[in-house]
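Novice: Place chain F on chain C using the hints.
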Amino acid sequence: MKALRFGRHAAIAVIAAGALALTACGSDNATGTAPATPAASGPKATGTLTGIGSSAQGAAMDAWKTNFASANQGATVQYSPDGSGAGRKALLDGSAQFGGSDAYLKDEEYASSTTQCGPDGAINIPVYISPIAVAFNLPDVKELNLDAPTVAKIFRGEIAKWNDPAIAAMNPDAKLPDLNVTPVNRSDDSGTTSNFTDYLAAAAPEVWTDKASGVWPASLKGENAKGTSGVVKTVTDTPGAVTYADDSAVSGKLGVAQIKVGETFTKISAEAAAKAVDAGKPVEGRNANDLSIKLDRATTIEGAYPIVLVSFHIVCSTYDSQETVDLVKAFENYVVSETGQQAAADAAKSAPLSKELQDKAMASIEAIKVKS
Amino acid sequence: MTTTSLTSSRGAGRAGDKVFSGATLAAGCLILAVLFGVALFLVVQAFPALTASPDMIKGGEGFFAYIWPIVIGTLIAATIALVIATPIAIGVALFISHFAPRQLASSLGYVVDLLAAIPSVVYGAWGAAFLAKEISPAYNWLASNMGWLPIFQGPASATGKTILTAGIVLAVMILPIITSLTREIFLQTPKLHEEASLALGATRWEMIKMAVLPFARPGIISAVMLGLGRALGETMAVALVLSSGALTASLIQTGNQTIAAEIALNFPEASGIQVSTLIAAGLVLFVITLGVNMIARWIITRHKEFSGAN
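Listed in order, the protein sequences are those of chains C and F.
The first sequence: position 78 = 78 (our numbering), numbered continuously.
Each number in our numbering corresponds to the 1-based position in the second sequence with 372 added.
Source of the hints: derived by calculation from the structure; they are not laboratory data.
Since the model is a prediction, treat every value here as computed from it, not as a measurement.
A virtual CB, placed ideally from N, CA and C, is assigned to each residue, including glycine.
Check before you lean on any hint, since a few could be wrong.
To be verified - Estimated spans, in silico, between C-beta atoms of each pair: (1) C/Asp320 / F/Val659: 17 to 23 Å; (2) C/Asp140 / F/Gln417: 49 to 55 Å; (3) C/Lys175 / F/Ser516: 26 to 32 Å; (4) F/Pro522 / C/Lys175: 35 to 41 Å; (5) C/Lys175 / F/Leu521: 35 to 41 Å; (6) C/Lys267 / F/Ile460: 49 to 55 Å; (7) F/Trp513 / C/Gly94: 31 to 37 Å; (8) C/Gly94 / F/Ala510: 52 to 58 Å; (9) C/Gly94 / F/Leu521: 43 to 49 Å; (10) F/Leu447 / C/Asp278: 48 to 54 Å; (11) C/Lys175 / F/Leu619: 52 to 58 Å; (12) C/Lys221 / F/Ser516: 16 to 22 Å; (13) C/Gly157 / F/Thr423: 34 to 40 Å.
As the list claims (entries may be wrong) - Taking lysine to aspartate or glutamate pairs in the EDC-like style, the calculated list, with each CA pair at most 20 Å apart, reads: (14) C/Lys65 / C/Asp346; (15) C/Lys221 / F/Glu433; (16) C/Lys211 / F/Glu433; (17) C/Lys106 / C/Asp93; (18) F/Lys505 / C/Asp237; (19) C/Lys260 / C/Asp278; (20) C/Lys349 / C/Glu366; (21) C/Lys369 / C/Asp120; (22) C/Lys281 / C/Asp107; (23) C/Lys294 / C/Asp278; (24) C/Lys142 / C/Asp120; (25) C/Lys211 / F/Glu566.
Just chain C, same shape as in the assembly (with noise of 0.2 Å):
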């Protein structure tokens, strides 16, 4: 009996603990910014919302749902992190109410979107930006410069040496080490290698020959390990060896290289990713409230880092039912916000969109109705 009793006090002081810390974490999030009232405008949102999509917008959409949860009673959102191939797929046979994807949906997947989204089709609204990072371990060495070609042959393989004069021309000051250049790169299909060889095929066209793909290309040599995790700590185990992945997830014991934008070396950070991304293109032959942008990543425009991975939510632009469109509307008003993006950048170090591309998507998202 006395143990019993021990235990249950023991259980109470655990719950409490529990939510101690949940405040805690609650008023950490809250910082600096108003307090979160995702549902401030618009209808109450009330449902289960179901999305499948990316696993890299994850950790992001953790946040997501949980705020959104918390100030929304009585309305759940569901996502389910199995790719953005799969959370394409749901979207465009109606298992899915929303997905989440790297890529835009493709023209032909657009097309299709009519069956399930009305003649406007489905609209793919950016929601989470993330810069990659080029992180390399090489001991005292943290910045060095590079430009594009310079990146598409040390991942190739084509430049064995540190002190390769190709990379000693772009970094005069650097005490460059002889050492053999190990590229690691992602042995899983993901949005970071899709997104990083998108890159390299348009800024050095003339080295990377191969075409932009999830996987890396079987025809080049090289350590690769599995996940984000995976390739940053083998590079922080092993000198000289360098990998492409999330600037989240870049430990500081690595560097970072600067890329070389037009005439400048442009530093990794949310701001020059921003900018990167407000200088993509919308892709043309979609309806006027997508959002799909084609980045160019060989732009010049100074200040801007153009190897980013643009995350999507695609959704319809009609809905059967008009709680659907309300709790829609409310949770991808949160997520394109002020507060949403906090949000995301305080879990997942995303960078936030800009001001300009939150209008742009909130005004997409207003369009969003009930199928006539």
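Specialist: For chain F alone, kept in the frame of chain C given last:
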């Protein structure tokens, strides 16, 4: 009185018998149905990949060009694991069954069984984060001193994440399976055989060679086959440890890939024909594993009268 109670209990016994035999029959049928269901699923889902035009498949040269290097890679990894694990496992099992003091034998047995309880992702993390780093100087040594052997051809991987490291991790993983099965078999050697050979003047080693090992041979083979099955199907550890790539003869360079790891790495982001391709790869692995298990069963039944494993 005795008669009535006997008859009534017999009646109840019959009903219980029927229920019980029905239940076991259902269980037996269920497992067959599940196996058949899995096979059917694999065949149906894999079909598009087998019939698709070659340029649709990853690599662009059709399914068989895609699958054979990773089949070979799977077999290489499993072979390394068996070559390393089998002698060690037999040694450990013999020590436990015939050499160790009783107290030590039972605790050592527990420890070996405990190895089997560690999740494969933990082995993978250990291999990738610790073993690979520590073993890479050894690979450099092999490359510079034994490089004339094709399997140790340099330059060695800088990260140590090679098929040999993966094979070593697999060897540790299958060690407990082979050890505990062979230990049981060694313990079942008829005491009379052992005592007879000792009485004839054999040393302990000669006794093991003449009485224990011949008796246990089919059991050892089936234990090894079960270990092989585990090594072939192991996914997470290989996916984490191996730095995959094209088929390479050298075991200390980066390269090679196994079927299970290939599926695990690419399935999450795959769509359309890629999914079919991966499922077809799964079908191939299913067939290989089925084959291995059937051979193991066949060996066991062939030596039924001697084997301790039935």
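Novice: A separate judgement is required for each hint: does it hold in the structure or not?
Specialist: Right, here's what the structure says about each hint:
The hinted range of 17 to 23 Å is not satisfied by aspartate 320 of chain C and valine 659 of chain F, whose Cβ atoms lie roughly 45 Å apart. Remark: the range hint 49 to 55 Å for aspartate 140 of chain C to glutamine 417 of chain F is upheld by a beta-carbon distance near 53 Å. The hinted window of 26 to 32 Å between lysine 175 of chain C and serine 516 of chain F holds, with their beta carbons roughly 28 Å apart. At about 39 Å, the beta-carbon gap between proline 522 of chain F and lysine 175 of chain C stays in the expected band of 35 to 41 Å.
Between lysine 175 of chain C and leucine 521 of chain F the Cβ separation comes to about 38 Å, which falls inside the hinted range of 35 to 41 Å. Distance hint check: the CB atoms of lysine 267 of chain C and isoleucine 460 of chain F are about 52 Å apart, consistent with the given range 49 to 55 Å. The hint said 31 to 37 Å for the Cβ distance between tryptophan 513 of chain F and glycine 94 of chain C, and at roughly 59 Å that hint is violated. For the hinted restraint 52 to 58 Å between glycine 94 of chain C and alanine 510 of chain F, the CB-CB distance of approximately 55 Å keeps it satisfied.
For glycine 94 of chain C and leucine 521 of chain F, the Cβ-Cβ distance of about 58 Å falls outside the hinted range of 43 to 49 Å, so the restraint is violated. At about 52 Å, the CB distance of leucine 447 of chain F to aspartate 278 of chain C agrees with the hint of 48 to 54 Å. The hinted range of 52 to 58 Å is not satisfied by lysine 175 of chain C and leucine 619 of chain F, whose Cβ atoms lie roughly 39 Å apart. Taken as a hint, the range 16 to 22 Å holds for the pair lysine 221 of chain C and serine 516 of chain F, whose Cβ atoms sit roughly 20 Å apart.
The beta-carbon spacing between glycine 157 of chain C and threonine 423 of chain F, approximately 36 Å, falls within the hinted interval of 34 to 40 Å. With a C-alpha separation of about 14 Å, the suggested pairing of lysine 65 of chain C with aspartate 346 of chain C holds against the 20 Å cut-off. In summary, the hint linking lysine 221 of chain C to glutamate 433 of chain F is supported, as the alpha carbons are separated by about 19 Å, within the 20 Å threshold. Between lysine 211 of chain C and glutamate 433 of chain F the CA atoms are separated by roughly 17 Å; this keeps the pair inside 20 Å, and the hint holds.
The hinted pair formed by lysine 106 of chain C and aspartate 93 of chain C meets the criterion: a straight-line CA distance of about 15 Å does not exceed 20 Å. Taken as a hint, the lysine 505 of chain F and aspartate 237 of chain C pair is honoured in the structure, with Cα atoms around 7 Å apart against an allowance of 20 Å. Restraint check for lysine 260 of chain C and aspartate 278 of chain C: satisfied, since their Cα atoms lie roughly 18 Å apart, inside the 20 Å limit. With a C-alpha separation of about 27 Å, the suggested pair lysine 349 of chain C and glutamate 366 of chain C falls outside the 20 Å cut-off, and the hint is violated.
For the suggested pair lysine 369 of chain C and aspartate 120 of chain C, the alpha carbons sit about 11 Å apart, so the restraint of at most 20 Å is met. Distance check on the hinted pair: lysine 281 of chain C and aspartate 107 of chain C sit about 16 Å apart at the alpha-carbon level, within 20 Å; holds. Simply put, lysine 294 of chain C and aspartate 278 of chain C have alpha-carbon atoms about 10 Å apart, close enough for the 20 Å limit, and the pair holds. Using a Cα cut-off of 20 Å, the hinted pair lysine 142 of chain C and aspartate 120 of chain C is violated, with the two alpha carbons roughly 50 Å apart.
Restraint check for lysine 211 of chain C and glutamate 566 of chain F: not satisfied, since their Cα atoms lie roughly 68 Å apart, outside the 20 Å limit.
Violated hints, in rising order: 1, 7, 9, 11, 20, 24, 25; the structure is consistent with all others.
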